[in-house]
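Colleague: Listed below are the residues making up each chain.
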Amino acid sequence: MNLQRVEMSKQKPEVRRQNFDEVAFGYTPEEAMAEASRCLDCKKPGCVGNCPVEVNIPDFIRCIKAGDFAEGIRIIRQKNCLPAVTGRVCPQEEQCEGGCVFAKRGGQIAIGRLERFLADWEASQGINTGSIKKPRPTGRKVAVIGGGPAGLTVAGDLIQLGHQVTVYEALHKVGGVLVYGIPEFRLPKRIVRREVDYLTSLGVEMVTSYVVGKTRTVDSLLEEYDAIFVGSGAGLPWFMEIPGNNLNGVYSANEYLTRMNLMKGYTFPSVQTPIKQHHRVAVIGGGNVAMDCARTALRLGAEAHIVYRRSRQELPARLEEVENAEEEGVIFDFLTLPLACLGNENSWVTGLSCQKMELGEPDASGRRSPVAIPGSEFVMPVDAIIYAIGNSPNPLIPSTTPGLAIGRKGNIEAEEATGKTSKARVWAGGDVVTGAATVILAMGAGRKAARAIHRYLQTLEEE
Amino acid sequence: MIPVLERTMVAPNIHNLRLQAPDVARSAKPGQFVILQAEEDGERIPLTISDWDAEKGDITVVFMQVGATTGKLALLKAGDSIPTAAGPLGNPMELGNFGTVICVGGCYGIASIYPIARALKEMNNRVICVVEARSSFLFYWQEKLRKTSDEMIFITRDGSLGRRGHINNLGSIIPSIKGGVDRVIINGCNYVMMRGCEETRPLGIKTIVSLNTLMIDGTGMCGVCRVTVNGSNKFACVDGPHFDGHEVNWDELSSRRQAYLREETVTLRTSAPEKER
Ligand SMILES: Cc1cc2nc3c(=O)[nH]c(=O)nc-3n(C[C@H](O)[C@H](O)[C@H](O)COP(=O)(O)OP(=O)(O)OC[C@H]3O[C@@H](n4cnc5c(N)ncnc54)[C@H](O)[C@@H]3O)c2cc1C
Ligand SMILES: Cc1cc2nc3c(=O)[nH]c(=O)nc-3n(C[C@H](O)[C@H](O)[C@H](O)COP(=O)(O)OP(=O)(O)OC[C@H]3O[C@@H](n4cnc5c(N)ncnc54)[C@H](O)[C@@H]3O)c2cc1C
Ligand code: SF4
Ligand code: SF4
Ligand code: FES
Ligand SMILES: [Mg+2]
Chain A
1 MNLQRVEMSK QKPEVRRQNF DEVAFGYTPE EAMAEASRCL DCKKPGCVGN
51 CPVEVNIPDF IRCIKAGDFA EGIRIIRQKN CLPAVTGRVC PQEEQCEGGC
101 VFAKRGGQIA IGRLERFLAD WEASQGINTG SIKKPRPTGR KVAVIGGGPA
151 GLTVAGDLIQ LGHQVTVYEA LHKVGGVLVY GIPEFRLPKR IVRREVDYLT
201 SLGVEMVTSY VVGKTRTVDS LLEEYDAIFV GSGAGLPWFM EIPGNNLNGV
251 YSANEYLTRM NLMKGYTFPS VQTPIKQHHR VAVIGGGNVA MDCARTALRL
301 GAEAHIVYRR SRQELPARLE EVENAEEEGV IFDFLTLPLA CLGNENSWVT
351 GLSCQKMELG EPDASGRRSP VAIPGSEFVM PVDAIIYAIG NSPNPLIPST
401 TPGLAIGRKG NIEAEEATGK TSKARVWAGG DVVTGAATVI LAMGAGRKAA
451 RAIHRYLQTL EEE
Chain B
1001 MIPVLERTMV APNIHNLRLQ APDVARSAKP GQFVILQAEE DGERIPLTIS
1051 DWDAEKGDIT VVFMQVGATT GKLALLKAGD SIPTAAGPLG NPMELGNFGT
1101 VICVGGCYGI ASIYPIARAL KEMNNRVICV VEARSSFLFY WQEKLRKTSD
1151 EMIFITRDGS LGRRGHINNL GSIIPSIKGG VDRVIINGCN YVMMRGCEET
1201 RPLGIKTIVS LNTLMIDGTG MCGVCRVTVN GSNKFACVDG PHFDGHEVNW
1251 DELSSRRQAY LREETVTLRT SAPEKER
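Keeping their order, the protein sequence lines are chains A and B.
The opening position of the first sequence corresponds to residue 1 in my numbering, with each subsequent residue numbered one higher.
The opening position of the second sequence corresponds to residue 1001 in my numbering, with each subsequent residue numbered one higher.
Among the hints, erroneous ones may be present.
What the hints assert, rightly or not - Quick look at which bits of chain A chain B covers, simulated, 3 or more residues with Cβ under 8 Å:
hint, stretch
1, 20 to 32
2, 73 to 80
3, 222 to 230
4, 323 to 332
5, 364 to 371
6, 408 to 421
Said to hold, decoys possible - Chain A residues, not near chain B, derived (Cβ > 12 Å throughout):
hint, residue
7, Pro13
8, Ala103
9, Glu205
10, Val250
11, Glu255
12, Glu314
13, Gly360
Hint data in this document are derived by calculation from the structure and do not stem from the laboratory.
For each residue, glycine too, the CB sits at the ideal point set by N, CA and C.
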C-alpha cells in the first residue's frame, strides 16, 4: 500500500495572498495518473457510498490510470453534472475520501483532485461529455426557481429528458452561492459560467433578475408550467444579538462576499461597486464562509482575524481551507466570544469587545462546549466586523405561496427521497429545504427531485 | 436585457427613464422599487417605480443624477438597453380610506409620491400634495400631480413659487387645513423626510416615510439596508421601505447611507473620461 498522496501544486502563500487567482493549480496528467495508480479498485469500495451522489469512483480512477480521460469524465457526469465545482469545493475528507480504505491510516486517494483533473481536462478539450442526443420534446414545461447548484442540476436533468426548462434567478447572474459567495481564488467564476453556458446550449432558458414572489408568484407560474422546482437556497443572513451591529463597517458575510465576488468589488475602482480599504478585520464564525471572508479581506490588504468561540478542532470549515488560511496569514482567535461591536463618534467600527472562553466538560453530544472565563473581557481593535455565523432560507417564496408547508426554521418542507412539497406540482431541494449545507447535497437533492418530476410529467403524457 | 423606451430630463439633473419590463409592470404597486444596473458588472441601485402601464408593459423611474450609476443612466437614449431592472421589490405603500392625506414630495419624491397620491385619490381620500424644491424651475410632473390631488401646495426655498422656506412649512400648513389631516406620507431625500417628521410629531399625525438606505440585492439577502425602527432591526428592502417616520432612528440611517461617500467620488472621477469615448 502506497500511502503517499501526490501533492497538488499551489501558488505560494506569500504570492497568492496578493491576488485573487486560484490557489491550487490542479494535477498534470502525469500526476493524476500517478495518484490514480495508488487506488486499489476495491471490490466493496467505501468511497462510493460516502459520496452523496454515488459517483462511480473506482471506475473513473481506473480510466485515469489507463489514460482514457474522456471515458473517465463520462463516468463522473453520469452522477455529477458539476464535477469541476465539486472537485474543488466538496468536503472530501468527510465524504468520498473519508470512506476510502486508506483513510484510517492517512493517505486516502485524492478523489476530489482527480475529479477536478478530469473536469478541467474536459474543459481544455472544449468538449462536454454530458451531452447526449437531442431528446424528443415532451411538450412539458418546468420552471426552476433559483440558479444555484440545486436548480441547475434539476434544469440539466430535465432538459435532457426532453422537457422545456426555464430557470428564474433573482440576481443578475446564475450560479447561486457559486457566483455570489465562494470567492474567485477558490472557485474561478469562468468554471461556473462554462457549466451555465453548457445548460443554455442544451436549451435551458435562463431568466435573470427575476424575483419569484415579487415579479411573479409561484401560483402564477403554476398556471403556465406543469411543475415547479424551488431551489432558492438559504440566503437570509444572521447577526449575533449584541450591541453595535448597525455601525458602519459591520457586514454580513453575504454583503461582504457579494460586493467582492458578484459585484467584483476586488477590482474597484475599475468597477463601480464601492468597497472600503480596511486595516484590521474580525470575521466572526468558523465555517467555510468565515474562511472565505477572512481570506478575501487579507487579499485586500487587511490583517484578518477569525474570531471563533470554540477551538481549532471544532472548526466546521474544511481542513484544507483552514490550512490555506493559516498559511496565508489569517490569525485565529480561538475560544473568543464577541460581546459588542464598538464604534466612534462617526459611527464607524473601532473594535470588537470580546470575552475569553474555555472548553468545559463534554455535553450529551460528546462535544465540549465553551464556557466564559469571568474577568477575561478585552477589546480587539478592528475597523471592520463580518458576521459569518450562518444563514436561513429567505421567506420571500414561503410567504407568498399559500399551501406550501414551512418548517420551524423557515425551511420548505419536502420529502427527502423526492423533494415533493405539500403543494401539488411543486418540488423543492437544496439549502432551502435543509438549511445551509453543501454544494453536492444540493445537487443530490436536485437530482432526486428531477427524477420525481420526470415521473410525474410522464403520467401526464399517458393521460 | 431591458430596453430603454425613453429618457428625458424633466428638470435640471432629474431624469425620466421609461423601460420595457412587462412582468415588473404587471405586478407593480404604489411604493415599490426596482434594482437597476446601468451596465454589466456595474453596481446595483434602487429606484422607485414612479409610474407604469401594465398593458403596454412599461415602467417609469425618475432619478436624480448624483453619482456614477445615475450618471450612466442619464446618458441613456431610446433604443439602448440596461442589463438589470429587478422588481417590483419592497412592500407596497399601505393604502386605504384614511380621510385627508397629505402627500409630500421633494426632489425624486415628487415623482415617487405620484402613484401613491393616485391610488389614494381612487380610494376616495382627500389628497393634498405638497411639493418642495429649491426653486420653481426644479418642479416637474405638476400636471400629473394636479390630476390626482384635490389641492396642491408649493414650497420653494427662494420663494419663486408658493410658500417660501422648506419642509418645516408643514408645521403651519397642517393646522391651516380645514377638517384636519389624518395621515402624512413623505417621499424624498432623508433630510426632507426627517424634518417633515419633526413637524408632524408634535401634531400627533401618523407619518409614513419611504426610507433611502444603501441596497445591493433588494431581496433580504445582504442586510446592508438595516435600519432601526422602534428599537428593532429591520431590513428596509423587505420589511420596508415604508415605515412610521416617528419610529425611525434617523441618525443611524444617515450615517449608514454615507458609508461610501469617499469611494463614490473615486468612481466618479475615474469614470469621467469614459463618458467622452
Ligand atoms: C461563502 C460560502 C462558501 C461555501 N463553501 C462551500 C464549500 O466549500 N463546499 C460546499 O460544498 N459548500 C459550500 N457552501 C455551501 C453551498 O454553497 C450551498 O450549500 C449550496 O450553494 C446550496 O445550493 P442551492 O442551490 O440550494 O442554493 P444557492 O446556491 O443558495 O442558490 C439559490 C439561488 O436562488 C436564488 N433565489 C433566491 N430566492 C429567489 C427568488 N425568490 N426568486 C428567484 N431566485 C431566487 C438565489 O439568488 C440563488 O442564486 C458555501 C456557502 C457559502 C455562502
Ligand atoms: C427604496 C429606494 C428607492 C429609491 N428611489 C429613488 C428614486 O426613485 N429616484 C432617485 O433619484 N433616487 C432614489 N433612491 C436613491 C438612489 O438609489 C441613489 O441616489 C443612487 O443609488 C445613487 O447612485 P449613484 O451611483 O448615482 O451615486 P453615488 O455617488 O454612488 O451615491 C450617492 C448617494 O446615494 C446613495 N447610494 C449609493 N449607492 C447606493 C445603493 N446601492 N443603494 C442605495 N443608495 C445608494 C448613498 O447615500 C450615496 O451617498 C432610492 C433609494 C432607495 C433605497
Ligand atoms: S462529488 Fe464530491 S463527494 Fe462525490 S466523489 Fe466528487 S468530490 Fe467526492
Ligand atoms: S476506497 Fe479508496 S482505494 Fe478503494 S476504490 Fe475507493 S478510492 Fe480506490
Ligand atoms: S438590500 Fe440586501 S438585504 Fe436589503
Ligand atoms: Mg454609486
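Colleague: Would you pick out the hints that fail for this structure and give their numbers low to high?
Modeller: Hints 1, 2, 3, 4, 5, 6, 10, 11 contradicted; others consistent.
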